[in-house]
Amino acid sequence: MKSIWRVFRKEFRETLRDRRSLFTTLIIGPLLMPVLIGAVIFMAIRHSGAANTGPITLTVAHAGRAPQLLDFLRQYQVRVRPVDADRARARRLVEREHGPLLYVPRDFGARLAAGKPAPLRLYADESNRTVHGKVERLSTLLGLYGGTIARLRLVARGLDPQLLAPIALHSIDTSTPQSRAALTLGMLSYAILFTMLMSGLYIAIDTTAGERERGSLEPLLTVPVEREHLVYGKMLAACVMMLVSLMLTVAAFALTLRHIGLARLGMSANFGPGVAAGIVLGCLPLIPAGAALMILVASYTRSYREAQTYVGLVLLVPTLPLIFASILGLQPRAALMAVPSLSQHFIIMSLLRGQPLPSGYVAISAGVSLALGAVLGYLAGRLYRRERLLG
Amino acid sequence: MIEARALIKRFGTLTALDGVSLRAADGRITGLLGPNGAGKSTTLRILYTVLRPDGGEAWIDGASVLAQSLEARRRMGVLPHGAGVYPNLTARENIEYFGALHGLARAVRRARAAELIARLEMQPFADRAAKGFSQGERVKTALARALVHQPRNVLLDEPTSGLDVMAVRTLRRLLGELRDEGHCILFSSHVMQEVAALCDDVIVIAGGRVVVQAGPEELKARAGTASLEEAFVRLIDPNGAQDGP
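Chains as they are written, first to last, in this note's numbering: chain A, 1 to 391; chain B, 1001 to 1245.
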């Protein structure tokens, strides 16, 4: 036990002395990432807010053909920008400016007056998210205008306009402020887990592949200490580094998101000290598995460079379940809580939503993750008994 | 005392050691001499427990390197080839770390490190990070690290390679002193002059076999020549030898 502690102290101390790696491990990841992601979330919120409530500028070709329609749109915060364009030119204009552009055909007025469907063309590049939001609003407004005319026509013919509304649909949004925020903050759990794993990368490689490359592994293996204990000491050093980084990341997220002022935008980020502590505790059991995995892979490789490549690739493995989960819209289930990293993702998300998972789920997550760490740690220990290790 | 009996080591289809037996006694410097690839490093690596032999057995002061490897490691200090040290620790910290791993109490390892630093004339660089060390400074650090637990047996793999004349002299003086204190010293080299200048016993190894184990004088007598170099060449390759000066 004592030798594990001695190896740990030396590895940790040596890493602390390497300013450059320390800077990457503790500053770039844990502090810069939250600021960047915070900025992205901030922009996303502002952007979607602008499309849904702010004024829309609508380019209109042949505005003179539909004066009443445009008067109607102006009442709903639509700024009309008339242009002089034929259909080909209108299309080119949209390709350049993404739209939306309303083209009023020649027969619009005549068909409207005749009580026949009057054509309108709305050009827009809907792959652009803001434009998409504007098009949705314009469609609603145009539908509203059409509906008004339809009702007037029915009244003029002595019919009850309600005949045209056989169904009255009320859609009720049940999302709470927390769940709306958590949707936007989905990438946050990814960032927390990835940063945590990344911060163990340097120390895991440096103490294994690096040690061998510098030629200090061979003398180390001649000291009267069980080989496993040497590995466990190195693993412990990586674990502590990951824990420090995890705490920094979570704290930084809590602070940045507070400053973005999600509450002001109608969402509660719900990221107080209690939630932060919960996230750290929830992720904690994944740390030994991550450290052991990286050390195992780095010990197998033949050089420092090779270790960087392989460990970097292996680090993607724990992030894959998260990507699948968000694509498939997976919800926490007992079986899924047995998947390390995915279960930590669920724990983070549930804490952010303010809907804690059953304690049994949390226990499964912690138990399986710790067991995986023990197995990988044992394998790494075994690897240090093999002479192939010297390369 | 270091003993090996009929060591066999294969790497794939290559037989690196083909029955190496040797003995290095206390109070003597034993040189393991042989051309490149003869099996010197492999022999030493089996003795200091980082390689396992495919056959045969070896003992350090009677402790088997296979069955009692921790005990065997406790009884020896090792300077492997290349002498890698931890770049972000100072020379002193490198030495004390190994002291700690050998289970020495803090006060003891401090005192030992200070003593070795003085003995190896390391004061000018003892408290600098090992990052920028010259080869000589690195070897001295690695040597002090190997001696921090005062091992009875000292194994060195090509200790003088890459060292300047002054560093070689310090090393030779130290090895002589250790011998006089009763330590058993086994070192490998492919440099004839070095072995001639230092060794009480010479083990000539070639092609994974021990060709001869004898004192330098006896070696010359056996090969029937006055020059040790010529004796060496004749011993490792009886057909290729030419008459020396």
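Hint data in this document are derived by calculation from the structure and do not stem from the laboratory. Hints may be right or wrong, so weigh each one.
Claimed, not checked - Simulated restraints, written as ranges between beta carbons of each label pair:
(1) A:R20 - B:D1200: 35 to 41 Å
(2) A:L32 - B:R1169: 36 to 42 Å
(3) B:S1161 - A:A251: 48 to 54 Å
(4) B:R1010 - A:E306: 42 to 48 Å
(5) B:E1177 - A:A251: 34 to 40 Å
(6) B:R1110 - A:V35: 42 to 48 Å
(7) A:A251 - B:P1124: 25 to 31 Å
(8) B:S1161 - A:F324: 39 to 45 Å
(9) B:Q1150 - A:F324: 43 to 49 Å
To be verified - Listed next, the stretches of chain B that the computed footprint assigns to chain A, with coverage defined by at least 3 CB atoms under 8 Å from CB atoms of chain A:
(10) 1033-1042
(11) 1125-1135
(12) 1141-1150
(13) 1162-1171
(14) 1179-1188
As the list claims (entries may be wrong) - Some residues of chain B that are not near chain A, with every Cβ distance over 10 Å (derived):
(15) S1064
(16) G1082
(17) A1118
Built from N, CA and C at the ideal position, the CB exists for glycine as well.
Looking back at the hints listed earlier, which ones does the structure fail to meet?
Violated: hints 1, 2, 4, 5, 7, 8, 9, 10, 11, 13, 14, 16.
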